[in-house]
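Asks: What follows is each chain in one-letter form.
There are 6 protein chains.
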Amino acid sequence: MHPVEFFEDFEMGTSRVTHARTVTEADIVIHAGHSGDFMPHHTDAEFCKTQPFKKVIAHGTMTFAMAIGLSVSGQPLNPNGMSYGYNKLRYPKPVFAGDTIRVRITVHSKEDHPKKKGYGQVVEVKEVLNQHDEVVMYAEHVLFVKKRNA
Amino acid sequence: MHPVEFFEDFEMGTSRVTHARTVTEADIVIHAGHSGDFMPHHTDAEFCKTQPFKKVIAHGTMTFAMAIGLSVSGQPLNPNGMSYGYNKLRYPKPVFAGDTIRVRITVHSKEDHPKKKGYGQVVEVKEVLNQHDEVVMYAEHVLFVKKRNA
Amino acid sequence: MHPVEFFEDFEMGTSRVTHARTVTEADIVIHAGHSGDFMPHHTDAEFCKTQPFKKVIAHGTMTFAMAIGLSVSGQPLNPNGMSYGYNKLRYPKPVFAGDTIRVRITVHSKEDHPKKKGYGQVVEVKEVLNQHDEVVMYAEHVLFVKKRNA
Amino acid sequence: MHPVEFFEDFEMGTSRVTHARTVTEADIVIHAGHSGDFMPHHTDAEFCKTQPFKKVIAHGTMTFAMAIGLSVSGQPLNPNGMSYGYNKLRYPKPVFAGDTIRVRITVHSKEDHPKKKGYGQVVEVKEVLNQHDEVVMYAEHVLFVKKRNA
Amino acid sequence: MHPVEFFEDFEMGTSRVTHARTVTEADIVIHAGHSGDFMPHHTDAEFCKTQPFKKVIAHGTMTFAMAIGLSVSGQPLNPNGMSYGYNKLRYPKPVFAGDTIRVRITVHSKEDHPKKKGYGQVVEVKEVLNQHDEVVMYAEHVLFVKKRNA
Amino acid sequence: MHPVEFFEDFEMGTSRVTHARTVTEADIVIHAGHSGDFMPHHTDAEFCKTQPFKKVIAHGTMTFAMAIGLSVSGQPLNPNGMSYGYNKLRYPKPVFAGDTIRVRITVHSKEDHPKKKGYGQVVEVKEVLNQHDEVVMYAEHVLFVKKRNA
Chain A
1 MHPVEFFEDF EMGTSRVTHA RTVTEADIVI HAGHSGDFMP HHTDAEFCKT
51 QPFKKVIAHG TMTFAMAIGL SVSGQPLNPN GMSYGYNKLR YPKPVFAGDT
101 IRVRITVHSK EDHPKKKGYG QVVEVKEVLN QHDEVVMYAE HVLFVKKRNA
Chain B
1 MHPVEFFEDF EMGTSRVTHA RTVTEADIVI HAGHSGDFMP HHTDAEFCKT
51 QPFKKVIAHG TMTFAMAIGL SVSGQPLNPN GMSYGYNKLR YPKPVFAGDT
101 IRVRITVHSK EDHPKKKGYG QVVEVKEVLN QHDEVVMYAE HVLFVKKRNA
Chain C
1 MHPVEFFEDF EMGTSRVTHA RTVTEADIVI HAGHSGDFMP HHTDAEFCKT
51 QPFKKVIAHG TMTFAMAIGL SVSGQPLNPN GMSYGYNKLR YPKPVFAGDT
101 IRVRITVHSK EDHPKKKGYG QVVEVKEVLN QHDEVVMYAE HVLFVKKRNA
Chain D
1 MHPVEFFEDF EMGTSRVTHA RTVTEADIVI HAGHSGDFMP HHTDAEFCKT
51 QPFKKVIAHG TMTFAMAIGL SVSGQPLNPN GMSYGYNKLR YPKPVFAGDT
101 IRVRITVHSK EDHPKKKGYG QVVEVKEVLN QHDEVVMYAE HVLFVKKRNA
Chain E
1 MHPVEFFEDF EMGTSRVTHA RTVTEADIVI HAGHSGDFMP HHTDAEFCKT
51 QPFKKVIAHG TMTFAMAIGL SVSGQPLNPN GMSYGYNKLR YPKPVFAGDT
101 IRVRITVHSK EDHPKKKGYG QVVEVKEVLN QHDEVVMYAE HVLFVKKRNA
Chain F
1 MHPVEFFEDF EMGTSRVTHA RTVTEADIVI HAGHSGDFMP HHTDAEFCKT
51 QPFKKVIAHG TMTFAMAIGL SVSGQPLNPN GMSYGYNKLR YPKPVFAGDT
101 IRVRITVHSK EDHPKKKGYG QVVEVKEVLN QHDEVVMYAE HVLFVKKRNA
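Protein chains in written order, with UniProt numbering: chain A, 1 to 150; chain B, 1 to 150; chain C, 1 to 150; chain D, 1 to 150; chain E, 1 to 150; chain F, 1 to 150.
Pulled out of the complex, with its shape left as it was, chain A reads as follows (with noise of 0.2 Å):
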């Protein structure tokens, strides 16, 4: 299987998906103290007993930065490709520790890159899942793309 690489290779509805990685409790540590966040709902265990979920959930800027380590991990760079950003990033469920999570990639959108001639814009849709097939965070990537034949 030759790599994606080119705007032309990037078939609409394909989906693969990574490697899976378990949440735990000193994830969510680090990342309060790597990111500032100390948020009760992050790092205060007996006010989460007073909430609906009753323990300590994950930040969700940590499952987005693991969804992309996910993501990344194993491809080869892609010279061709440049990531612009992020639309439409949601998180329908909580993540707790000890949930094991991976990301299924998809390909959403193609079209013309409105400006820049000779390229593409693609959007791939990132949904990370719990080990129950439950979608616990949505994001839409937008790449543009070279084309093959520009």
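Treat the hints loosely; a few may be bogus.
Identical copies go unnamed one by one, so any copy, or any two together, can satisfy a pair.
[To be verified] Each computed DSS-like pair below joins lysine-lysine, with the alpha-carbon atoms no more than 27 Å apart: (1) Lys110 with Lys49; (2) Lys115 with Lys88; (3) Lys49 with Lys88; (4) Lys116 with Lys93; (5) Lys116 with Lys147; (6) Lys116 with Lys146; (7) Lys93 with Lys49; (8) Lys115 with Lys93; (9) Lys110 with Lys54; (10) Lys49 with Lys115; (11) Lys55 with Lys146; (12) Lys88 with Lys116; (13) Lys146 with Lys117; (14) Lys93 with Lys55; (15) Lys55 with Lys110; (16) Lys147 with Lys117; (17) Lys146 with Lys88.
Quick caveat, the hints were computed from the structure, so don't treat them as lab data.
Since the structure of chain A is provided, determine the placement of chains B, C, D, E and F on it from the hints.
Replies: For chains B, C, D, E and F alone, kept in the frame of chain A given last:
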């Protein structure tokens, strides 16, 4: 000053700026290990010497996590608001080790919640600025907030 | 409420309580590596089973560091005050992984600075409380603070 | 040399010096996240440029934690002694990234325990020295130690 | 290219080179705390100034851990192979903060497993190279691998 | 007891046992990020449930790093010895979070250095034992040591 708590408390166009934080080489190393994103832009100084920026670039996911950390630091928990997610996450300029970042948070739009009576939807723009006042990250944060007189 | 900034602003006996944070096994592991203190009370669960408390105990230096972290979080920098040091740092009870700690800060004494005209010396007592409202750390923090009308 | 174990083994005025350790930027970053203390003296290089020392200063709580780590490293556990706490913790000079610190531990005073028969109270002074032999931290460590012939 | 999975798939003398990673001061600090190895070659910059290399040297155990990390990154799990251990782990040259390392993995020997029918023993040489193409670590990794037609 | 310093000081068959350390989930998480080794045996709890051991296994490279850390902790630097490398690194049994490990170090062989006059070669066996006294790691550490009367 009473805290911004209910939908009515958000005033269009007002903004606040957080305290600042210097991004370090250690942060980038910790983020690579924490996220599992060891792409060469972030962890291979020799590769980076061959690239336009000549040096290692901070992960976009780290800038995002630190931006949220700066935004919530010292803020009271708002029991009447909840984060729905983000729109349009963009990275107009790179962040390097040694850069000092802070976040400017602006009330960008307000409207009634499309479905949930008694609630409004607020979009706050979070712009990460570096020490040269350049915008290095732009995000639209979508909040659902209770109305005071719901 | 204007910030407590000058010597005159400190009112004897007033106190504030910080937000709370749960101490985790990960924190103790990180602290051992960070400080280099691998004494068996903190890192050897088998040894601890033979001791009165039966389980691993948090480092006193970690409780102290977290107490200061909780104390300064969200507080404005006071350009008119400086920390002189601490007196009587005591640990009346152990802290375990799973405990949730917060800090009660009380203005304990006020007097003119013995030598520096225009300055006063304030002692704030910092008590770390666990989820059972037990005092697990006690410290007297000595501050030198400018007088407003110096 | 037999280990210093009982009250009688502590000789007034004797001292030992620990091995040394270089404080790094990474240590300060890790300590900020671990303690939650992101005050600008420790994490904002731009702010620090406007201050007398011109650069980021290590957290006092980190110097304290490292000092205890250096003090206990390679020392046998003393089953006849217990730490009661500290008096007079002072920071006469700042510690910067790049400084190399070690601890000089001196038997400062010895007296019978005021209440507990068969025990004595020993005060050890722990002085943290930098590479210029300047004292950057001073602490009086109070120990309760069993008497050999109690 | 199908993955190297069975004994028959390993071809004598073939090699692959992993992606690269820059070793940083932060890595050395983290490794010292993680391993508990605070020997002065790794953590005392003043001591190192008196030594032939003049600066802090990375722990051999860290180079080893990173080498394995680089080797497995992006590789599929091989259900037909298992690691038996290593022979001849050598460190011909030091690694310093700022060095960029990668691993060259070469099939060094193949033979029938001495006892286990249907299995072979493969030795892969893992050489860690720095940015000057110098070998800084050499290890012989012993694998037990199922035969395809066992 | 004078320190073991010269070739003559190593006595065949003598051994010492280090202090112990409990391996935690946090250690495994930190090691995965530090080494970049996110293989499912170490980071995917769901995968591990399908495997013979049912739970996450510590990285062999972490056990090795901790073993060296335990071995050198509190030991004086020997100016007359240098590490040449390791032979036969083996992992007879897995290490799990919660296991407490210590190292037994035995003088295994002594001979004249094959080339370097005035030096000898000493092999120390380092065996990592868990709380059930099972050997979980075995390594032969090769040292070059000066002779006292060289």
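Asks: Work down the list of hints and note, for each, if the structure agrees.
Replies: Evaluation of the provided hints:
{"no.": "1", "hint": "Lys110 with Lys49", "result": "neither (45 Å within a copy, 32 Å between copies)"}
{"no.": "2", "hint": "Lys115 with Lys88", "result": "both (22 Å within a copy, 18 Å between copies)"}
{"no.": "3", "hint": "Lys49 with Lys88", "result": "neither (30 Å within a copy, 34 Å between copies)"}
{"no.": "4", "hint": "Lys116 with Lys93", "result": "between (37 Å within a copy, 19 Å between copies)"}
{"no.": "5", "hint": "Lys116 with Lys147", "result": "within (11 Å within a copy, 44 Å between copies)"}
{"no.": "6", "hint": "Lys116 with Lys146", "result": "within (10 Å within a copy, 43 Å between copies)"}
{"no.": "7", "hint": "Lys93 with Lys49", "result": "both (18 Å within a copy, 24 Å between copies)"}
{"no.": "8", "hint": "Lys115 with Lys93", "result": "between (37 Å within a copy, 19 Å between copies)"}
{"no.": "9", "hint": "Lys110 with Lys54", "result": "neither (42 Å within a copy, 31 Å between copies)"}
{"no.": "10", "hint": "Lys49 with Lys115", "result": "neither (52 Å within a copy, 29 Å between copies)"}
{"no.": "11", "hint": "Lys55 with Lys146", "result": "between (46 Å within a copy, 24 Å between copies)"}
{"no.": "12", "hint": "Lys88 with Lys116", "result": "both (23 Å within a copy, 20 Å between copies)"}
{"no.": "13", "hint": "Lys146 with Lys117", "result": "within (9 Å within a copy, 46 Å between copies)"}
{"no.": "14", "hint": "Lys93 with Lys55", "result": "both (14 Å within a copy, 26 Å between copies)"}
{"no.": "15", "hint": "Lys55 with Lys110", "result": "neither (41 Å within a copy, 32 Å between copies)"}
{"no.": "16", "hint": "Lys147 with Lys117", "result": "within (9 Å within a copy, 47 Å between copies)"}
{"no.": "17", "hint": "Lys146 with Lys88", "result": "both (24 Å within a copy, 22 Å between copies)"}
The structure shown violates the earlier hints numbered 1, 3, 9, 10, 15.
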